[in-house]
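Colleague: So you can see what is in the structure, the chains are spelled out below.
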Amino acid sequence: MDIATFLGIIIGFSLVIGAIIFGGASSVFINVPGMMIVIGGSFAATCINFPVGEILEAIKAAIKIFSSRKTTTNEVVNTMVHIAEISRREGLMALEDIKTKNPFLKKACLLIADNADSKIIRDTLRIEITSMQKRHAISQDVFKKMATYAPSLGMIGTLIGLVQMLSSLNDPSAIGPAMAVALLTTFYGTIMSALIFQPLAGKLKSRSLQENLHLEIIFEGAKSILENNNPRIVYDKLSSFVPPRERHYDR
Amino acid sequence: MDIATFLGIIIGFSLVIGAIIFGGASSVFINVPGMMIVIGGSFAATCINFPVGEILEAIKAAIKIFSSRKTTTNEVVNTMVHIAEISRREGLMALEDIKTKNPFLKKACLLIADNADSKIIRDTLRIEITSMQKRHAISQDVFKKMATYAPSLGMIGTLIGLVQMLSSLNDPSAIGPAMAVALLTTFYGTIMSALIFQPLAGKLKSRSLQENLHLEIIFEGAKSILENNNPRIVYDKLSSFVPPRERHYDR
Amino acid sequence: MDIATFLGIIIGFSLVIGAIIFGGASSVFINVPGMMIVIGGSFAATCINFPVGEILEAIKAAIKIFSSRKTTTNEVVNTMVHIAEISRREGLMALEDIKTKNPFLKKACLLIADNADSKIIRDTLRIEITSMQKRHAISQDVFKKMATYAPSLGMIGTLIGLVQMLSSLNDPSAIGPAMAVALLTTFYGTIMSALIFQPLAGKLKSRSLQENLHLEIIFEGAKSILENNNPRIVYDKLSSFVPPRERHYDR
Amino acid sequence: MDIATFLGIIIGFSLVIGAIIFGGASSVFINVPGMMIVIGGSFAATCINFPVGEILEAIKAAIKIFSSRKTTTNEVVNTMVHIAEISRREGLMALEDIKTKNPFLKKACLLIADNADSKIIRDTLRIEITSMQKRHAISQDVFKKMATYAPSLGMIGTLIGLVQMLSSLNDPSAIGPAMAVALLTTFYGTIMSALIFQPLAGKLKSRSLQENLHLEIIFEGAKSILENNNPRIVYDKLSSFVPPRERHYDR
Amino acid sequence: MDIATFLGIIIGFSLVIGAIIFGGASSVFINVPGMMIVIGGSFAATCINFPVGEILEAIKAAIKIFSSRKTTTNEVVNTMVHIAEISRREGLMALEDIKTKNPFLKKACLLIADNADSKIIRDTLRIEITSMQKRHAISQDVFKKMATYAPSLGMIGTLIGLVQMLSSLNDPSAIGPAMAVALLTTFYGTIMSALIFQPLAGKLKSRSLQENLHLEIIFEGAKSILENNNPRIVYDKLSSFVPPRERHYDR
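Protein chains in written order, with our numbering: chain A, 1 to 251; chain B, 1001 to 1251; chain C, 2001 to 2251; chain D, 3001 to 3251; chain E, 4001 to 4251.
Bound conformation, chain A alone (with noise of 0.2 Å):
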């Protein structure tokens, strides 16, 4: 559970509502048909946009989000001096038996162990890496464009409103409220880009760019392995890609 951004979304949204109900006249801010063609037009529209299984990706991205993240940098890097060590002794066929949870691994070990030729190993690895990081920015770019839709919905639903009060001016003292509605939809827009959409697709690279680092650390650990280098100047290569305060080796 990643607290962070749950709390973050509770605190966003108690804040907006605290500063509502703080003001009086609360009723006045839910509007069903503000709030239909806001939400559902940005959805239309992100329809058009995308292919119906990327919008999907996304959506699945989004919700693991709030699901831990497990494993650290260090961790990672510790993870390949142990595997290079076991293929120092055992030879690269060692590597076969190697149990992971990370497919990426999972992989790198089998072709080590398959004996395949260096050079397959390294394209094979990085289209993995780069086929990833593009599904990634495809999700993160769903999110973004929905944080573009939301607030161009708002201002259409607050078009539609002022046009309506305008071409009707009889009573003056509908003016007030009629207005308050029309903004009513671009208020909608403008919290759920700000609230959800922009900050979740940020989160998504925050992931993505986590994700990415420790596929590059495991391609590095298995470049350096086929080399038959040495598991200290292992440590010394692939602890560079962790904060110095954060290194340390557990042996």
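Hints listed in this document are in silico derivations from the structure and should not be mistaken for laboratory results. Cβ atoms here follow ideal geometry from the backbone N, Cα and C, with glycine treated the same way. All clues stand as given, with none of them false.
Away from chain C, derived, C-beta distances all over 12 Å, residues of chain E:
| hint | residue |
| --- | --- |
| 1 | Asn4078 |
| 2 | Leu4092 |
| 3 | Asn4102 |
| 4 | Leu4110 |
| 5 | Asn4115 |
| 6 | Ile4120 |
| 7 | Ala4137 |
In silico DSS-like cross-links for lysine-lysine, where the CA-CA straight-line distance does not exceed 30 Å:
| hint | chain 1 | residue 1 | chain 2 | residue 2 |
| --- | --- | --- | --- | --- |
| 8 | A | Lys64 | B | Lys1205 |
| 9 | C | Lys2060 | E | Lys4144 |
| 10 | E | Lys4144 | E | Lys4205 |
| 11 | D | Lys3119 | A | Lys106 |
| 12 | E | Lys4070 | E | Lys4205 |
| 13 | B | Lys1205 | B | Lys1060 |
| 14 | C | Lys2064 | C | Lys2099 |
| 15 | C | Lys2134 | E | Lys4119 |
| 16 | D | Lys3134 | D | Lys3107 |
| 17 | A | Lys134 | B | Lys1223 |
| 18 | D | Lys3064 | E | Lys4060 |
| 19 | A | Lys119 | C | Lys2223 |
| 20 | C | Lys2119 | B | Lys1134 |
| 21 | A | Lys60 | B | Lys1070 |
| 22 | A | Lys106 | A | Lys64 |
If the Cβ cut is set under 10 Å, some of the chain D residues that face chain E in the computed set are:
| hint | residue |
| --- | --- |
| 23 | Ile3003 |
| 24 | Pro3177 |
| 25 | Thr3190 |
| 26 | Ile3191 |
| 27 | Ser3193 |
| 28 | Gln3198 |
| 29 | Gly3202 |
| 30 | Glu3220 |
| 31 | Ile3233 |
| 32 | Lys3237 |
Knowing the structure of chain A, use the given hints to seat chains B, C, D and E on it.
Modeller: Quick look at chains B, C, D and E alone, frame taken from chain A:
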């Protein structure tokens, strides 16, 4: 038929039209001169911006969106592995008889069967890929620029309306309706940008990324075949392009 | 004569002028001091931003837009294949007599005929291409910056008008017309940006991409000729630059 | 103590507070719920956008700005030339005893003294540099995003105030003060963005570029030492990183 | 003296001041506290954003703009061809006596005359070029950021004025003049951004591109001299950097 694009447009416009009808006074929202200035003006600016051929190409590409994509990434991988098996069993010359509707794959097979120099094959296929990418980028750019011009023209229409209204403020009761009409062009421009041009540019980008991915797989596959790699290695390498969950090999 | 650019400007301005006349009171829209501040101010900012030589270069490039493009991409390919045939039949020295209006192609032929080192030929032609790209990018940038300055100057004019109006609110009936006049500079700035400067910058980019593509084809063709490739291989390679539908070889 | 950053903040806020006091009615500008929604909301959005660790890292980096930078670029060059002299005179092993507070330089010296393979040294140091760049980029990104969220939350606060005011327009004399309060959150958001978050992100970037330059000099110096270049050549090469006026060699 | 920059500033401000005087009531446009908040505030934000040294560097670079550029691109080419002739006739050692005011060319000549390794010469000159580019980019960035801060501070001043006016709406006749004053800071900020900071950033970029081009020509020329290319080949290669119309060789 790509249902999502179609449904997205239907739902988006239904919500907008629903909100208009729900608010009454819906006839106000139809203003033919306003529509002409936004649609015609955006089209005029696009005609200055791009050669006619590129605009037609973009429109054709947008229409092709509504026809469903047929090939999955995994199928392309399987096709290439299949071809690698044939080339291993029967020699590179056998590729001349490969039947395929993909003109890029056809060209790759013919070049290989022709016994061309491997550097020339790589260069030729690489030019095919980057040329296609450049042509696709122009089509996306046409819609991105339309998405920029539509709100600008909407604002021009609104400014014309405001100047006319303000310069003849004799009848106060006419101010409201005149402003309503002036705002309509901004409304048209925003809708066209947010519900049509922007998402279509996005979908063209998705399609292009997908097609480019397939070309990259064929390119990597062709390279592997030229290097006479074992079909299992070809599969290991090319399946790296596919998201892990979707990988499977159909014999 | 590039009809599209011409028609685009005619249609765009006709629609705007039509909307103005249709709304009556069209004389309000002419305000000489306002035009001076927007046009003169944008020009002044452009003069600070760019050396005079680059501004003149951009204007010349914009004027050249209205003269039609003569050579298609496929023709350039055919020319190169033709030259490859000559060089195969008669030797590299024969390229000295190639007649062409394209100065880049002329230079390539002379360098090859001169029997220069292939690395020097590649470097020299590459410098020609990137230097041209850089000069073209500056011309596009001149118009992009103009498209930014025009609305800013329009806003400055509007602020001047608003401050003057607000600081002397004696006669309420004068407010409307004064605001109308204040808005005019924003109107001028937006039109100049959206119907002239932005689309012209776009067209310069299209032209530049096209010319650059032709130079790349000549460059690749020259490399093939130096490597003494068979004309059919040269055609296979160079035709990859052309969209599949437009490829055909005229003997 | 970095005086400029400190003075910039003091002067910026003094001018704003001065303008407020000069205009009288300064108590109006303090609005606790408004501050809460802008500051708290921006912080909440940042918490959703980034992992907690990265936010803390960014804040630490921002605090470190106020401590003055100690080493000039020219000093780093001189240090490296000095080390090159030692290595020439006493051999690569002597680098083990180099005393330095720079952990990157320490690591470079140890790797060289260890007699490691030159490719491994280059790879390891390159990973150190790019990893540091990536961590710095994230810290800058935290402040850039804060600079985006603050005005958005300001606008959300203003919209809440406007909707509340408009929906209960009973007392016309209350309209002015209510709008004043509504505008305050936009005011807070703009100030936080323009006088704190944006410039701090900029300063972090300056610092990062400076630190990166020093690392590049150490990296190039280490390469020269490995290639056993003459100290004068090392100086000629490394001093190229320094602006001409600041170059001088202290023996 | 670069006339264009000077004239641009004169004309731009003349037009703005002309429009102000033409509209009467010109004394309203002078508001010292408003100017202080926009100019002082932008400067304060810039001081937080950049180290003092980089701001001074940018100001110096901006002042140097007004001194005319002396060397044309073609002259640089001719100089390099001349040096190539000398080196061919008298040997590389003769380059030691080349007299030039360009410190980069001087360094290149000395390195060549020193008989340094060609890889070291290339690396050293490349570092000089990229270091200069980075320093120039920072100076441009200072003005770009100023162009961003000025309108933000203008908006902050306007918000202060609006809040003060709205919170004390006792005298309706004071509303107009108070709003006029409030708008002035936005006016100042927009003018400073559009007529000073943005175009100066642009001119710095033009200058930097020009200087960089000259350095590239010297760099390519030095490489050719090291490879002992024939002066005619050097001319053919280097003249490719010059626009075709401006190429000519002065013996």
